[in-house]
Structure formats: structure tokens, C-alpha cells
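Residue numbers (the working numbering), protein chains in the order written: chain L, 3 to 167; chain B, 25 to 175.
Note that these hints are calculated values from the structure, not bench results. Don't take each hint at face value.
To be verified - Think about it this way: if two alpha-carbon atoms lie no more than 27 Å apart in a straight line, the pair counts; the simulated DSSO-like pairs of lysine-lysine are:
| no. | chain 1 | residue 1 | chain 2 | residue 2 |
| --- | --- | --- | --- | --- |
| 1 | L | 108 | B | 32 |
| 2 | L | 140 | L | 108 |
| 3 | B | 113 | B | 32 |
| 4 | B | 113 | L | 95 |
| 5 | B | 113 | B | 96 |
| 6 | B | 96 | L | 108 |
| 7 | B | 62 | B | 32 |
| 8 | B | 62 | L | 108 |
| 9 | B | 32 | B | 87 |
| 10 | B | 32 | B | 96 |
| 11 | L | 10 | L | 108 |
Said to hold, decoys possible - Here's a subset of chain L near chain B, in silico, CB distances under 8 Å, partners left out:
| no. | residue |
| --- | --- |
| 12 | 34 |
| 13 | 39 |
| 14 | 42 |
| 15 | 85 |
| 16 | 116 |
We put the beta carbon where it would ideally sit given N, CA and C, even for glycine.
As a plain string of letters, each chain reads:
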Amino acid sequence: MSALDLPKEQDLVEYRVDRVLEEANTDTRIIVLARQNDAIDTFPIWVGAAEGNAIKLALDTMITPRPMSHDLIKSFAEHLNITIQRVIIADVKNSTYYALVHVSNKGVERTIDARPSDAIALALRAPCPIYITRDVLKRRSTTNLEAWLAKLESKDIGTPEVREM
Amino acid sequence: MITQMQVKGLMFDPYNNAYIVVLRDEEHSDMLPIWVGKSEAGAISMSMENITPPRPMTHDFMKSLLDAYNAKVISVVITDLSEHTYFSKIHLMYEDSEYTVDARPSDAIALALRSNAPVFANNSVITKQSSEELEQWLENLKPEDFGKLDS
């Protein structure tokens with residue numbers, strides 16, 4: 003299956019999900035990752051509203067009456083004895099981040115291509131660590147994100163309404 | 025008793041600001057409308073229209089995980105309706121064993137379409153043709169009303 007290369011251990015930096023912000027007037031959310039043991043270094047990722055809500059629900063450890071999509075993925079993993087080892091933000095192309103989900107089952111390891119939003123939503127539920135490669139950290143945008151994020155701070159989103167269909 | 029259903033289309037329900045996935049049996053005598061959210065409808069619509077997004081969407085990733093270990097979706101069954109909520113089960117085959125996993129119908133259908141797996145409904149769940157209003161609404165719909173999302 004996967005021909006995706008798993009980055010080397012020493013090239014990974016661990017991050018955690020710090021918060022989910024709502025961007026005013028758009029249907030997007032910003033997932034703010036913070037460096038483990040170093041809250042000063044943050045790494046924002048723009049995602050869609052539904053994707054952001056899937057992460058927000060897990061961050062707030064909200065239990066929904068019915069399993070959401072990423073709960074189902076976790077449920078599949080549990081049924082099949084697949085361990086979600088870790089997720090890695092491993093590449094950036096044209097301002098789009100690429101993630102890998104590293105899984106294993108009875109010693110058989112696989113690396114699955116994913117959007118960062120799916121990878122992070124799953125990582126919070128697994129739970130498993132989230133890493134960003136040094137290469138991606140080097141190539142990230144250099145806009146003054148901190149100042150810009152500070153402006154958004156007051157708009158920290160509430161828990162999304164969960165609609166069960 | 026279960027009946028195989030075809031995923032016929034998606035409609036927007038402006039009254040509830042939600043989408044309706046329409047399932048019909050092969051003789052077109054029974055119909056099952058299931059209300060789903062916008063992103064869930066998008067996941068179903070993409071698969072119905074054979075759109076391959078540049079990046080894997082959530083259910084594409086879900087299928088990748090199953091594919092990585094040769095787990096197969098055998099079927100999906102809409103099993104129950106309780107307090108306006110439909111319940112469903114996904115049947116998986118993995119290493120000669122069958123697994124049954126609880127899911128929302130929207131996830132189950134989105135995954136079934138990507139896996140070419142049949143969708144069934146428990147007969148007790150299938151809405152009989154009693155709802156004439158909905159029936160008429162469906163008849164008045166033009167083909168181009170189906171399977172389109174404005175997002």
C-alpha cells in the first residue's frame with residue numbers, strides 16, 4: 003500500500019492542539035497548534051467549519067449522542083485492533099499542509115495520506131501525539147501571525163451545536 | 025427482513041436548512057428520506073458524482089485506513105428509527121471475521137458509496153408511501169435538482 007515515507011524521528015517536533023478559533027465572516031476555523039512545553043511557538047492551520055468543529059468537539063471532550071465521522075474512524079481502528087501511533091504534518095505545497103497518519107496492527111505499519119484536519123481530529127480521539135516536521139516548520143509562512151491571532155482571541159468559538167440526523 | 029436501497033439523490037430542505045438523502049428500493053415502491061447536515065451531504069454528493077477531490081476527504085481517509093489492512097465494507101444497514109434519528113450498522117470483513125460497527129447513516133452511506141457496498145434498510149424503518157406530500161414533492165423535482173449542492 004503506502005509508498006509514503008515516514009519522516010525520521012529526529013526531524014519531528016511535537017505539538018499539541020491549543021485552541022480553535024473562528025475567523026470572522028468566513029466559513030473557516032483556525033486550528034492553533036502550540037509546541038509541546040513551549041506555548042510561545044504556535045502554528046496555525048486553516049480548516050473548514052465542519053473540520054474545525056470536529057476538532058473542537060474532541061478538544062472539549064464532548065460526547066455526542068451519535069458517533070461523529072472521526073469517532074467512527076476510531077471505532078474501526080478499535081474493532082480491527084489498529085493502533086493510531088501518531089500523526090505528522092509532513093509537507094506543505096501551495097499553502098496546503100499535508101499530513102500522514104501512522105498506524106500499526108500486529109507489527110504491520112502503514113502510513114496514510116490525510117488532510118491535517120482529519121489527522122488532528124483523529125489524533126485527539128485516539129489519543130496520539132501530533133508532530134510537525136522541521137522542514138515544514140522552516141517553510142511556514144512568516145507573516146506576523148501572533149499579532150493577528152491576538153486580535154481573534156476574543157472570538158474563541160463556543161462549542162458547536164451538534165445536530166444529530 | 026431487509027430491503028436493498030439505492031441512493032437516489034440529495035435534496036436541499038430549506039425549512040430545516042438541511043439536506044435529504046433519498047433512498048429508494050429497486051421497485052421504487054418504498055422510499056426512505058434521511059436528513060443529514062451540510063458536510064455529510066457533501067461527502068455523499070462527491071461520491072455520487074464521482075468527483076475526486078484534490079485531497080482525501082474524511083470518508084476517503086476512512087476508506088484508506090480500511091484498505092491499508094484489507095478490511096472490506098460488505099454492507100450497510102439502516103437498522104432503526106428512534107426519536108427522529110436513524111441508526112445504522114456497517115458490516116466489515118477483516119481476516120475472515122465479520123465486524124459490525126455502529127454509525128450514523130450519513131457516514132455509513134458515504135462509506136458504502138466509496139466501497140461499492142450495498143445499502144439495506146430494515147423493513148420496519150422504511151417509510152411506506154403514506155406521505156403523499158413528500159411523494160408529490162419528489163415527483164415534481166427535475167433531474168437537475170438531484171445531486172447538486174450549492175457549496
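Which numbered hints fail: Result: hints 1, 2, 4, 8, 12, 13, 14, 15 break, sorted rising.
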